[in-house]
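Student: Using the sequences provided together with the hints, build the complete structure.
So in the numbering used here, spot 235 of the sequence shown is number 759, and the numbers just go up one at a time.
Heads up, none of these hints are tricks.
Heads up, simulated DSS-like pairs for lysine-lysine below, C-alpha to C-alpha not over 30 angstroms straight-line: (1) Lys595 / Lys773; (2) Lys595 / Lys821; (3) Lys808 / Lys774; (4) Lys821 / Lys792; (5) Lys792 / Lys819; (6) Lys720 / Lys773; (7) Lys808 / Lys773; (8) Lys821 / Lys774; (9) Lys819 / Lys595; (10) Lys774 / Lys792; (11) Lys680 / Lys792; (12) Lys675 / Lys792; (13) Lys617 / Lys773; (14) Lys821 / Lys617; (15) Lys808 / Lys680; (16) Lys819 / Lys808; (17) Lys812 / Lys774.
Just so you know, the hints here were simulated from the structure itself, not pulled from any lab data.
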Amino acid sequence: MMLHGFPEWSSMYMPLMREFGDSNNNYYTMACNLRGYSAGASPDLESDYNYSNFVSDVIELARVGFGEGEKYHLIGHDHGGILGWLVAASDTKNILSYSSLSSPHPDAFSDGLYGENADVQQVDASQYFTMFTLEDSATIHHNFWWLTAGKTSSTKFGEKFETPQDFQKSLWWYNGALADSIMAFPAVKSQWDLIKDGAWSAAFLRGIFGGTPDGGLPGLNRLGVVGVNSLFVCGTEDESILCSRDYSKKTSDFVGGEGVEYEYFEVKCGHDLLSCGNDEETNKVISKLIEHVEKNK
Numbered sequence: 525m526m527l528h529g530f531p532e533w534s535s536m537y538m539p540l541m542r543e544f545g546d547s548n549n550n551y552y553t554m555a556c557n558l559r560g561y562s563a564g565a566s567p568d569l570e571s572d573y574n575y576s577n578f579v580s581d582v583i584e585l586a587r588v589g590f591g592e593g594e595k596y597h598l599i600g601h602d603h604g605g606i607l608g609w610l611v612a613a614s615d616t617k618n619i620l621s622y623s624s625l626s627s628p629h630p631d632a633f634s635d636g637l638y639g640e641n642a643d644v645q646q647v648d649a650s651q652y653f654t655m656f657t658l659e660d661s662a663t664i665h666h667n668f669w670w671l672t673a674g675k676t677s678s679t680k681f682g683e684k685f686e687t688p689q690d691f692q693k694s695l696w697w698y699n700g701a702l703a704d705s706i707m708a709f710p711a712v713k714s715q716w717d718l719i720k721d722g723a724w725s726a727a728f729l730r731g732i733f734g735g736t737p738d739g740g741l742p743g744l745n746r747l748g749v750v751g752v753n754s755l756f757v758c759g760t761e762d763e764s765i766l767c768s769r770d771y772s773k774k775t776s777d778f779v780g781g782e783g784v785e786y787e788y789f790e791v792k793c794g795h796d797l798l799s800c801g802n803d804e805e806t807n808k809v810i811s812k813l814i815e816h817v818e819k820n821k
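Tutor: Okay, structure coming up:
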């Protein structure tokens, strides 16, 4: 089972699915356009995008796709990566392995975003969280997010958001994470403070969206230790989730239990680990994912 992130579509996994399904590996794989992306699964209320609903979605998809009580491997990227950690904790008995692409364990991420040990660079890089969760975020400020992130996210397979209102539902994933308090949210920082930090992109966005500086919000519903054999793949050039920094590497503290193994793997890549811009690095990711699954089947 493969879970996409924001703003991505299930087709991002097609190359990986082909690798898993070839004559040497012969795995049955499944990737769906998730809630807010699939036309048949895009309810109209913001509260429908709370993360507890996403977890239920994935577990039910696994039951239908693989069979009641069947065990399966799980892979997630970006928001799908955060979701994957929650699913792994909720459906532990049925998950053979988990692979998170780009996304640290939510508790490690929370510690990097909030509190006295927060990682300043990650707080700066995550300022967009506080903009995505604004009311009507897809259309405010002359449709900024729709024009820069939503309208441009179509794929050659015809996957796309038809309207800004459709795109808003994908942004509600962030509101859902906030509502369920599954992880911390960064402090709103002023444009001047971001400039002083050298966070030019974040400062530009703060100039557009404004916002009153605050101290951020803790993640109140910490997930705790996940008892599933887990792989965390990090792109060292990722500018959104700075997963090679110390706070993120503490994901190792949140995977454990009798016989449970954890591995951290770095590649020279940006956020999209299945399309690194360098085929050698992309192939390293694919090979590592297959190796992890094979080891835990």
